[in-house]
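Put together the whole structure using the sequences plus the hints.
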Amino acid sequence: MLDAIRTAIAEAVRAAVREKLGAEVDRVALERPPKASLGDLASPVAFDLAKSLRKAPRAIAAELAAAVALPAGVREARVEGGGYLNFFLDRGRFVRSLLDDAPAPPSRPGKVIVEHTNINPNKAAHIGHLRNAVLGDVLVRTLRHLGHTVEVQNYLDDTGVQVADVVAGLIHLQGVRTADAVRSAVRDRRLPGGEANAKGFAYLCWDLYAEVGRTYAAKPESKAWRDEVLHAIERGDDETARVAAAVVEAVASSHVATMGRLGIAYDLLPRESDILHKHFWATAFEMLKKAGAIHQETEGKHAGCWVLPLSESEEFAGMEEPDKILVRSNGTVTYTGKDIAYQLWKFGLLPIDFDYTPFAVDWGVGSVPPGEIPAAVRDHPVWRSGHTGGSPNAPRFGHGSRVINVIDVRQSYLQKVVKEGLRTLGYPAEADRSTHFSYEIVALSPKAARELAERFGEEYRLSPEDEKKPYVEMSGRKGLGVKADDLVELLLERSRAEVESRRGQGEDAAGGANAAGSAAEDARAIAVGALRYFLLKVGRNKVIAFDFDEALNFEGDTGPYLQYSLVRAGNIFRKLRERGIGDAVSLEGVGLEAGDWTDDLWAIALDAASIPDAAERSVDALEPATLARHAFGLAQAFNHFYHRQPILQEPDAAVRNRRIAIARIFQREMGRLLELLGIPQPGRM
RNA sequence: GCGCCCGUAGCUCAGUCCGGAUAGAGCGUUAGCCUCCGGAGCUAAAGGUCGCGCGUUCGAAUCGCGCCGGGCGCACCA
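Per the working numbering, the very first residue in the first sequence carries number 1; after that it's consecutive.
Because the hints were derived from the structure by calculation, they are not lab data. Hints may contain errors.
Between beta-carbon pairs, the in silico distance windows are [stated by the list, open to error]:
id, residue 1, residue 2, range
1, ARG177, LYS289, 38 to 48 Å
2, SER52, PRO105, 35 to 45 Å
3, ALA72, ARG644, 26 to 36 Å
4, ALA72, ASP596, 13 to 23 Å
5, LYS542, SER475, 15 to 25 Å
6, PRO105, ASP549, 38 to 48 Å
7, ALA67, ARG668, 31 to 41 Å
8, ARG396, PRO446, 46 to 56 Å
9, ASN330, ASP3, 53 to 63 Å
10, ARG54, MET1, 31 to 41 Å
11, PRO464, PRO322, 37 to 47 Å
12, GLU493, GLU459, 20 to 30 Å
Where a beta carbon is used, it is the ideal one built from N, C-alpha and C, also for glycine.
Written as C-alpha cells, this is what we have:
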C-alpha cells in the first residue's frame with residue numbers, strides 16, 4: 001500500500017524531471033519529513049539537480065511541484081524548507097484502504113535454514129544464550145511472515161570438551177559412573193554427594209563444570225580425565241559414552257524448555273556425534289581432496305596436517321598464517337572441518353544424510369513449570385538427528401537454498417573460513433548464500449556482578465583486575481554468569497507483584513468479567529515481553545553490559561510499554577461493546593477530507609502502514625532491532641492519541657468513528673508486530 | 001602487527017547502509033496531569049565540542065584519510 005504509493009511518486013518525479021528539466025535521476029529518495037505538517041514523503045531531488053542545472057534548489061522544486069503528475073492517493077506536492085519536494089497523501093482514502101486487511105505475501109521458493117541457540121549441552125543456559133535465541137527467533141518469525149519457508153536448527157555439540165569435562169566431573173568427582181545414575185540424578189535433582197537443586201540437573205552441571213575447571217587447575221594430572229572421556233565418546237560403545245549421552249539428553253531438554261517458555265521452537269537438533277558416525281566428515285574430506293581444495297603439508301610446523309589454503313581469498317589477504325588446518329597431524333578433524341561438512345549438508349551437497357527420530361522433550365526436567373510452555377511450542381514437533389534406525393515419517397531436512405548461522409561475533413573468523421571452504425570446493429553460489437548473522441555478546445558490568453554475588457552467592461565475586469574492566473565476559477568455565485531461568489524468574493516475581501497489586505485495587509475498573517486470560521498467564525506474558533524486548537531493542541553489534549535494574553524495568557522503552565498500548569486498545573473496544581455503542585468500524589458518511597484526520601490519527605496510520613517496510617529492512621540488514629524500535633514508535637503514537645482523543649466520551653459520531661478506525665488499525669497491526677517480535681499479548685494489565 | 005566492532009545528553013541507546021530540514025527516545029532530575037477508554041500512561045523543562053583532526057560537498061553524526069580511547073578476533077580449542 002504505502003510501498004505502491006512510494007513507487008508511483010518516484011516514477012512521477014522521474015518523469016517530471018525528464019520532461020520539465022531535461023535531466024535524469026537514477027534514484028528518487030523519499031524520506032519521512034521531521035514533522036507531519038511538512039508532509040508525508042519528502043524528496044531532496046532538487047538538491048541533487050541544483051548543481052548540474054545551475055539553479056536554486058527551491059526554484060527547481062517549485063517547477064517540479066507544478067509539473068509532477070500526482071499519482072492516485074496523493075493530494076498535493078509542495079515545496080518545503082530549502083528545496084524539498086514534499087508530498088501529502090490523501091489521508092481519508094489511505095485510512096480506508098488500510099482498514100481492508102492486506103493479503104499475506106506470496107510464498108517464496110526455496111528454504112532458508114536458520115541455525116541458532118547452539119548451547120553446549122553441559123550446563124544451564126545463561127543470558128548470552130538468550131540473546132542468540134531471541135535474535136534468531138525474530139529473524140525466523142520475520143522470514144516466515146515475508147513468505148519464506150524456514151527450518152530452525154539448534155546444533156548440539158555432544159562430543160566436545162565441554163560435555164567431556166562435565167562427564168569427567170560426574171565420574172571422578174561425583175561417582176556418577178552409569179547412565180542410570182545420571183538419570184537418577186536428573187530425576188532427583190541432586191548429585192549423590194551434594195544437596196538437591198530445585199532448578200534441576202542443568203543447574204547442578206553449571207556448578208559441577210566450574211568445579212571441574214578448578215580441579216584441573218589445582219591438580220594438573222586430573223586433566224587426563226578429559227581425553228579419556230573424549231576417546232570414550234568417540235568410540236561410543238562403553239558406559240562413559242552412555243553417561244555423556246544421558247547428560248546431553250537431559251541438558252538439551254532443559255534448554256528447549258527454557259527457550260520454549262519464551263516462545264522459541266526448533267525443528268531439528270542435529271548432533272555432532274551423528275556427523276561423525278554418519279561419516280559426514282570422511283565424505284567431505286574426500287570431496288575436498290578430489291577438488292584439490294586442501295593439501296597435506298610435508299614440512300614446516302604444519303607437517304602432516306591437511307590444510308585449507310586461504311591466501312588466494314581477498315578476505316584473508318595480509319594474514320600472517322592464512323592457512324586453516326582441517327585435519328591435525330594425528331589424523332583427527334578440527335571443529336572447522338566438521339563445520340564445513342555440516343554446512344555442505346545444509347545445502348544438500350553431501351551424498352549422505354542423517355537418520356531422524358522425534359526428540360521427546362522432557363519439559364519438566366529443568367525449572368520451567370509445565371504450564372509456562374505456550375501450546376504452540378509444546379505442540380511443535382522437534383526432531384533430532386541419529387545415525388541408525390531413523391523414523392520413516394521424518395520430514396525432509398536440510399537442502400536449504402540459503403543458510404543463516406546465528407553465532408556471536410567472536411566466531412567471525414571461523415565462519416569466514418567455512419564460507420571460503422565452500423567456495424574453494426567449487427560451490428561459490430552456496431558460499432554467497434551462507435550468511436553469518438553475527439552479534440555482540442552479553443557481558444556483565446562490575447555492578448551487575450556485585451549484585452549477582454549479593455543475590456546468588458559469593459562465588460560470583462569478581463577478581464580485583466576484573467573489577468576494573470568496563471565489563472567482563474560471562475564464563476561457563478568459571479561459572480560466572482546470569483542463568484537464563486534465574487532472570488526469567490526475577491521477571492516473573494516482579495510481573496506477578498505488579499499484576500496482583502493492580503487487580504487488588506479496582507477489579508471492575510478496567511478488567512470486567514470477560515477479560516481474557518488468568519493473572520498468572522498475564523504475568524508470564526509481561527515477563528516474557530520485557531525480556532525479549534530488552535534483548536531486541538539494541539542493535540546487534542552493541543555489547544550489552546547487563547544490568548539488573550534495566551532488565552527488570554517495566555516502564556518507558558520496555559516490552560510492557562508495548563503490551564500496555566495494545567491492552568488499552570482492547571479496553572476501548574470492550575467498553576464500546578459494553579455500552580452498546582458497538583465496536584464495528586464504519587467510515588460511511590463520516591467525512592474523509594484531509595482536515596478530518598488530525599496529525600495524531602494520521603501518525604498511527606502511517607506508522608502502521610510502514611510495518612512491512614520495517615520487516616523487510618530488518619531481514620535485509622539482519623537487524624531485528626529496527627522492528628523493535630518501530631514497535632516502540634507506534635506504541636508511543638498510540639499512547640499520545642489515547643490521551644488526546646477520547647473515543648467513548650466523544651459525542652460526534654463521525655469524529656468517534658474516525659478514531660475507532662484508527663484504533664482498529666493500530667490493534668491489528670501492532671498485534672501483528674508483537675507477534676513478529678515474539679512478545680505475547682496479555683489480556684489485561 | 002593485521003582484521004572486525006563500539007565511541008552521540010549524567011546513564012542506556014536510536015539515527016550512520018543510501019549525506020539534507022531545529023540531532024531524537026527511554027531512564028534519572030525538576031514541574032505538572034486521575035469526577036474523563038486504568039497513571040506499566042501523558043504534558044513540559046533542564047541537559048549535546050555527535051571521541052579528536054584533516055578532507056570531500058551547496059550541505060557531514062552519516063562519506064574518505066589519519067589519530068585517540070575501549071572491546072573482540074587472528075590455535076594441530078570449540
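For which of the previously enumerated hints does the structure constitute a violation, in increasing order of number?
Going through the list in order, the structure violates no hint and respects every one.
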